[in-house]
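Trainee: Please build the complete structure, drawing on both the sequences and the hints.
Single-letter residue listing:
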Amino acid sequence: MRLALLFMAGIVAAGAQTLSRKIELPPDSPVTLVSADWGESSATARGGAFLLDVHAGLSLRNSSQRRIRGVTLAVLAQEVTPGGKGSVSVPSLDVAPGDTFPLRIDLPLLRPLGAGTGPLVEVKLDGVLFDDLSFYGPDKLHSQRTMTVWELEARRDRQYFKKLLEQAGQEGLKQEMLASLGRQDDRQQPGVQMVRGRTTNTEPEREVRFAFVQFPEAPIESQDGLARVAGNEARAPRIDVRNRSDRAIRYLEIGWIVKDQQGREFLAASMPADLNLAPGRSSQVVQDAALRFSQRTVIQSMTGFVSHAEFADGSYWIPSRAALADAKLRGVIAPSPEEQRLAQIYRKKGLGALVEELKKF
Amino acid sequence: MRTHTSETVLALYVSGDLAWWRRAAVRLHVGRCDRCRRRIEWHRTDLARIREAAAWMPEGVDWNRLASEMTANIHVGLAAGECVAPRPRKSIAVGWRPVAVAAGVAVVLVGAWWLNTPPVLTHSLGRGGMRPALTEDRRPVVEATESGIELRENGSSLGVSQGTARPVAVSVNVQGSASARYVDADTGQMTITSVYVQ
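Heads up: the sequence lines are chains A and B, in that order.
Position one of the first sequence corresponds to residue 1 (the working numbering), numbered consecutively onward.
Position one of the second sequence corresponds to residue 1 (the working numbering), numbered consecutively onward.
Honestly, the hints are just simulated from the structure, not real lab data.
Mixed in with the good hints, there may be bad ones.
Derived coverage of chain B by chain A (criterion: at least 3 residues anywhere in the stretch with Cβ under 8 Å from a Cβ of chain A; other residues may be distant) [stated by the list, open to error]:
#	stretch
1	140 to 150
2	168 to 176
3	184 to 197
Covered stretches of chain A (chain B as the covering partner; in silico rule of three or more C-beta atoms under 8 Å from a C-beta of chain B) [as the list claims (entries may be wrong)]:
#	stretch
4	90 to 99
5	266 to 273
All of these numbers come straight from a predicted model, not from anything done at the bench.
For every residue, glycine included, the Cβ atom is placed at its ideal position computed from N, Cα and C.
Mentor: So this is what it looks like as structure tokens:
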């Protein structure tokens with residue numbers, strides 16, 4: 001009996017590992033670390049890998065001379081291993097020079113047992129976005145593009161709500177917030193898996209053509225598109241696009257909406273594409289990826305829409321709120337992070353707190 | 001349209017097996033219904049034939065002797081059944097010590113699991129039992145559900161969670177990542193967490 005207890009205690013001791021961690025900020029970083037609390041982080045051996053359960057609360061200071069709008073940190077256990085890389089972004093910030101702000105990391109990561117000396121997690125700065133849309137950082141996770149789009153969406157939505165407050169007063173703002181919260185609550189998000197490459201589905205495939213929601217203001221026109229569909233899986237989407245603007249386009253993202261057999265529509269995924277598309281030219285967006293839904297889902301039809309684009313000169317196009325009011329899109333796509341943040345402020349703290357928030361910047 | 005009495009009720013009426021009030025009702029109906037009356041006659045004829053057949057006995061049968069033989073055979077059958085009936089099993093006395101040892105080992109195992117398993121994995125396992133099954137794939141897969149995002153590989157999963165908070169939105173990027181948006185209830189700060197499959 002005593003031997004058994006000692007044996008089990010040994011197993012317990014062997015499974016738990018101390019998690020080594022490192023926060024790496026460049027010497028000229030516009031943010032500096034004030035404090036880090038790694039209280040609940042742990043590392044556990046699982047098969048041939050460490051499972052790192054990273055929970056950290058960081059406090060960062062804006063040590064630059066500009067206001068910070070967004071920060072992205074890369075959290076790495078093993079950069080080249082699937083599951084070894086994650087990121088945490090905080091958009092919709094307004095941090096003045098010298099001010100501190102919190103950043104919460106909650107990520108599970110994998111690290112192969114043979115990689116290095118033990119369980120180790122590294123936190124690195126991937127990018128900082130300032131209020132003049134300038135950017136600092138290595139941008140290995142393309143956080144400049146992502147955070148810039150979030151910031152442009154935030155400006156568009158803040159402007160909309162401010163104008164609404166001016167024109168319709170607090171009652172108008174309240175009604176709009178209630179409508180936004182209603183849409184967010186009604187929006188469906190069935191489970192979806194994404195796997196790169198071909199799937200192992202043995203059901204017969206059929207080609208399903210995309211329908212498109214076209215924005216007249218968009219610089220890109222989606223002309224035709226197909227994906228191979230078998231039951232609850234859709235793979236290998238390819239979409240023909242044409243640049244109808246007078247500027248070259250180097251990046252675009254297409255939203256992929258799926259309709260199931262019950263007529264429910266939901267945003268399944270986004271399809272990014274790096275391009276070099278001169279004005280008036282066409283190209284094809286192709287992705288070697290598959291989406292898989294729950295086994296009860298049968299894909300009936302698909303719709304695509306251009307969610308944003310980046311021009312070769314570094315400027316961006318995002319849809320206007322009027323364009324997003326399209327009946328098909330309104331209940332399907334998520335609002336911007338800023339609209340969701342403002343709606344949560346209204347929900348948790350009330351209309352007065354929301355009005356004060358809109359007055360800040 | 002006239003409703004006729006069912007064949008079953010008519011047969012029971014003829015054999016005298018109906019309750020008195022049903023019998024009265026059938027009699028009343030039969031008095032006005034030729035069809036049912038004819039059927040009652042057929043049932044009576046059939047009943048008489050059955051009774052006649054049942055009353056027939058072969059020539060020279062001694063009924064009393066036949067009854068004694070049948071009774072004796074039944075007794076023999078019962079005695080034989082007693083001989084082949086399973087013996088009552090002798091119960092094995094189980095001491096309290098092995099039970100206590102087994103309980104102790106179980107406590108240690110549960111404790112080891114509890115101490116070693118990160119809350120996020122336990123949370124993922126719990127969620128796995130509730131959600132509609134998505135087909136397993138041996139390759140790295142990112143998954144987004146209303147509860148959050150997960151990275152799956154070789155049948156095991158790593159879920160992203162922020163305590164009990166639910167994400168306000170999740171999304172999947174076909175280049176190999178999934179993201180979840182969380183809003184801090186106190187500060188209102190938005191945090192977007194992403195995992196990458198490649």
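Trainee: Can you give the numbers of the hints that this structure goes against, from lowest to highest?
Mentor: Structure breaks no hint.
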